[in-house]
Amino acid sequence: MNLLPLPKNFDQNEWVIIISCIALLLLLYIFPKRFPTSISILIIAFSIVVARVVDHLLAGPDINFYDVLDSGDYELFDLFSYIPYAPFAYVFVYLYDKLQIRGVYTSLYIIIFSLIAIGVEWITTSSFIHYFHYYSWEILYSFPIYLVIQPLTLLFYHFIIKVHARSLTSP
Amino acid sequence: MNILGWKNTTRKQTSMRLPMTKLALFISVVLILIIYFFSYKKHTHILSLIFTLFIIEYVLTSVIAIIVDNTQLWKVSKNHKDFFLFRLTEVVVFPLLLLIFLDYVKKMKTVVLKLLFLITCTLLLFCVEQLLILLNLFQYGKWQPAWSIGTWFLLVVLGLYSQTTFNKVLKKEGVMK
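Line by line, the protein sequences give chains A and B. For the record, in the first sequence the residue sitting at position 161 is 417 according to the working numbering, with numbers rising by one throughout. For the record, in the second sequence the residue sitting at position 146 is 138 according to the working numbering, with numbers rising by one throughout.
Next up, chain B with everything else stripped away, as it sits in the complex (with noise of 0.2 Å):
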């Protein structure tokens, strides 16, 4: 016991420590992030947004097998919890990201507005997958990071697309105005 009274901790105690505690404050950051997507007002039909999660997790997910499992040009890395959280950024951080800024997007009036949007929201996918490769999760293989930025804007816009197509549908059916 030290003078605060709390256990003394050897090396080996504090490295396997951080690992979890890594774990548990990502499993939180994704659970908050969960809990305000289900509650916040949205602008898109629901059946909308739903649509667009199905497109992006295919697309996203077949994207990042190409990526990671055909040509190692991401190296993820092999601890069993980092993978884990890997995976759960993959199939609901980035999806649910997408999604909240998607909905956003409506609320900008003007095509530059929008535009200007879009641009923010790749930038900001890139700094949470570099926010990754400071977390160790992966690191770059051949990769470039400019070839990530593209990557992101073409998902967005590929989002955007499929939105506004299925709202299409919705109209014609009269679920939407």
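Chain A on its own, in the form it takes in the complex (with noise of 0.2 Å):
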């Protein structure tokens, strides 16, 4: 019975999520801080737990999309698979705050992020990284699906700097 499996092969993918990992401690520590501390582990713990659902919902081992990393299973470096989506979402919503994208560049906003998602994901699906390995899925399939998850990582955003900033001003 083997609880949590070590990586077939330390190769790729396993990198990625390493080179993730010390691009998130780079941004947060190179970009001139913008939101409190809570809001910015919030946007990242929103974007990882999503991915987290999103994938446990859809790569399971009966309904199987895809896999993630080597094999169906959950492996050791699954518990971390998911931290590649935190610097992006971080990034998503640090311009976003700081050029003060409103009204319809909004939309525009999305659609390139979902695009550069969209190509970030095609170049994690290559046989160099195989990072996913998709059945019966398209990467066509993933675009409608951030489109619909960047808007909400926006709402998200927009209701928890609401919620601080009216926490900060009540007596």
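Hints may be right or wrong, so weigh each one.
Lysine-lysine pairs mimicking PhoX-like chemistry, simulated, CA-CA at most 20 Å apart [to be verified]: (1) B:Lys164 with A:Lys289; (2) B:Lys34 with B:Lys73; (3) B:Lys169 with A:Lys418; (4) B:Lys70 with A:Lys289.
Computed, partial: chain A to chain B, Cβ under 7 Å [claimed, not checked]: (5) Val306; (6) Val310; (7) His312.
The hints are simulated quantities; they were obtained by calculation from the structure and are not laboratory data. What you are looking at is a predicted structure, and each value in this text was computed from that prediction instead of being measured. Every residue gets a Cβ at the ideal spot worked out from N, C-alpha and C, and that includes glycine.
Taking the hints as your guide, dock the two standalone chains into a single complex.
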């Protein structure tokens, strides 16, 4: 009985996770601080948990549209395999706030970031990185998923920033 | 038509209707839980609740993936409706129950009361798990019921710890007193 299997081969897909962790730390360190710590933590946690829950629902053994990393089992590195979403979500919200994107430009911003996400996903499905293994999934199916998740991320950001500000001002 | 004016049903029709009744009743209970969660007055800061929910979701889905997918210690029903209900419980019911329990812990004044309440929460979560077995959503493989009690207790403690830790961040920022 193997509770958390180790990677079959420690290769490119494990390196993607390690590099993403370093990228996340660098982003938080290099980018000028824009949000309070609690807000940054929540944005990062939101992106990781949404990815985890969606993958759990779509990449289980019975309903299996795709596998993440080396096999359909939940491997040790699967525990960290959602961290690559965090730097992406952080930059997405950071630039949205910094560039003060509002109105119709929000739609354009979401479409551009969804296309970037599709591009990144396409790279990760390549035989070199093999981060995702599709079965009955096509990369095109991911596009509407991003178009749902990214507005949700922005709504979530607006909600928590409002709650945070209200809590600061209330006696 | 029978004497009461109801249509006579065959055994096949009755057996088809039962899983649908289970589905409808189960979804209704889940919706009532969601409505209750959003309507009652909470003792914890909302940002802290959100953070705790995230931690619980991540850990719970990981633990269940290990128990169900990696080790087959739990055998989930192959029936699609039951599988859907199992996932619904895993992603919505258990996290919400844990959040409600962790919120009520704040009302307990002494450490002994808090500990007693945490043990009660653990047993309640275990009872919900047993209810899922009664409803045939899953069955134990080589799993022992005592392991469930231990796992739930650890999850409750982890939830409480993450809530306390995040509260410290909020206090530092002046969001909480």
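Cross-check of the supplied hints:
1. At roughly 16 Å between alpha-carbon atoms, Lys164 of chain B and Lys289 of chain A fall within 20 Å of each other, so this suggested pair holds.
2. A hinted pair counts as satisfied when its Cα atoms are at most 20 Å apart, and Lys34 of chain B with Lys73 of chain B does not qualify at roughly 33 Å.
3. Restraint check: the Cα-Cα separation between Lys169 of chain B and Lys418 of chain A comes to about 18 Å, which is no more than 20 Å; the hinted pair holds.
4. Using a Cα cut-off of 20 Å, the hinted pair Lys70 of chain B and Lys289 of chain A is violated, with the two alpha carbons roughly 49 Å apart.
5. With a least beta-carbon distance of about 9 Å to chain B, the hint placing Val306 of chain A at the interface is violated under the 7 Å criterion.
6. The beta carbon of Val310 of chain A is not positioned within 7 Å of any beta carbon in chain B (closest approach about 10 Å), and the interface hint is therefore violated.
7. A least Cβ separation of about 5 Å between His312 of chain A and chain B falls short of the 7 Å threshold, and the interface hint therefore holds.
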